[in-house]
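Participant: Let chain A serve as the given structure and place chain B on it in line with the hints.
There are 2 protein chains.
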Amino acid sequence: MPDPPRQDPSQYESVNWPDQFNVSQKRWRVNRKTVCPPLPVRWLALHCASEGCSDGPSGDVVGLRADMDALPIEEETGARWASTIKGVMHACGHDGHTAMLLGSARELAQTREFNGTAVVVFQPAEEGGGGGKAMLDDGLMDRFGIDEIYAMHTEPALAIGQFATTIGPFGASVDSFKIRIDGKGAHGAEPQDGIDPLVVGANILLALQTIVSRNVHPRQCAVVTVGWLNAGKAGNVIPPFAEMGGTTRTFDPIVRNLIEARVFAIAEKVAEAYGGESHRQLQAHVPAIGQSRS
Amino acid sequence: MPDPPRQDPSQYESVNWPDQFNVSQKRWRVNRKTVCPPLPVRWLALHCASEGCSDGPSGDVVGLRADMDALPIEEETGARWASTIKGVMHACGHDGHTAMLLGSARELAQTREFNGTAVVVFQPAEEGGGGGKAMLDDGLMDRFGIDEIYAMHTEPALAIGQFATTIGPFGASVDSFKIRIDGKGAHGAEPQDGIDPLVVGANILLALQTIVSRNVHPRQCAVVTVGWLNAGKAGNVIPPFAEMGGTTRTFDPIVRNLIEARVFAIAEKVAEAYGGESHRQLQAHVPAIGQSRS
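Chain order of the listed sequences is A and B. Under the working numbering, think of the first position of the first sequence as 1048, with each following residue one higher. Under the working numbering, think of the first position of the second sequence as 1048, with each following residue one higher.
Chain A with its partners taken away, still in its complex shape (with noise of 0.2 Å):
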């Protein structure tokens, strides 16, 4: 791609692809748009009716939808196209998703072999940045009078030509936390004075991975996983509070609410038991998406 990654949503040079690409030929009309202050979100779609590209829909209006954002993650792949910009990759393959829609598009722009309105949707932020979010309430939907809209991920698993999908949900919510264990803090030698948040926080870890186990409808998916702890610098002080981080991941929106309620109510309870205090963050970022039935 012609563009390196960009993890900042705000700093998408990526929405310039389509004209770079000549997809903007004039029976497309081009939208750029930052949506939804304070977060710098940019979007961007072209739509054109098969009908002289009339400002009126004539037809169904069909969506398609690809993101462009990047992870930041050091790209060790060497690979032709590595991200170019430091600590910052299309790890999840959204520069190939991306380079996918502007092929589509510039195929329908071409070719005109379709009905009614396709409207071309490159979505910003979708690695937590609640960019899909950001465009619903901004009214990407009604804005084109949108019918369906359909959407796709690379898949590695799945082999060369080959592609799946299902009714239902198929990617999960995304939900991160984050959990501050308050103690006291002791010398090394003397543990009857200090509340160790070191124990508190292994228990509540611990504690964590039972809501998979026994709170959750064992024919439910879900997963908690705490991803980072950091608590204390040296061996023989035992540190005041230690802190850790997650993430949640569900398909049932009832499912995602047990977890979120157990996530806190252990890290809450786990440390009264042992005389300290829990600090919780909650960052909701993504609910489940998948295909409706219709």
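Quick caveat, the hints were computed from the structure, so don't treat them as lab data. Please note that the accuracy of each hint is not assured.
Which copy is meant is left open, so a pair is good if it fits within one copy or across any two.
Unchecked claim - With a straight-line Cα cutoff of 30 Å, these simulated DSSO-like cross-link-like pairs (lysine-lysine) come out:
#1 K1280 - K1180
#2 K1231 - K1133
#3 K1133 - K1280
#4 K1180 - K1225
#5 K1133 - K1180
#6 K1280 - K1225
#7 K1231 - K1280
Facilitator: For chain B alone, coordinates are given in the frame of chain A:
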């Protein structure tokens, strides 16, 4: 104190204190030495025979010892004598120890109201540097023919004017350990592809607490503290490894050996139980110290 605290035992200006305090009168001999390379510690002793300060001892030779080194702690006391070096503090009152021994040395030198020989020893590297052992290995006791040696440590829990002692051990052994747990990194939403080193680490941390409560005889003294644990950077990534470190304290060498064996057996076997591996590092520092019965 006129001298800023030094954590690096190679940088003691403290060894010059006795000269500054004018205790090095003619009847005292000052010794400075770098002992036990590559440990660049220095010690200093003054000795005096009550009968004319001859080179040969006359009567008993009694040693008095104080420690001089600082700790890596930011001093926030605002005291008049606060550390003038950022990040280093005489946090265990070692400046007090040194001042007390200097005062004693001056008093002894001025009054000379004692029989035999007094050897005044300023010990570097008490805080984990093994300065005491280095001095002994260097032959301190034989060099001066020391018959008895006395040491003390400040104890804020005692009222002013009180001191405490006992026959047997009263300064615990200090051993530090570090454990690295190698799991297998994975996407936070694909836990089945990884071996979560945080789950392993939390289990090890909690199991270590059972050493004192389940393995050590209830009448024995022992402490096992994990002072720090670090793993992972992002909430949605299962990290490949976790590291933790801590300290153990005992009075009895048998308990000391038991704890060392249990710490690493727990780390190794718990890690193996989850399909991971643990790598251990033991830094044995200081055995228990105490008062002999004779």
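Participant: Under the constraints set out in the numbered hints, which ones does this structure not fulfil?
Facilitator: As far as the earlier hints go, not one is violated by this structure.
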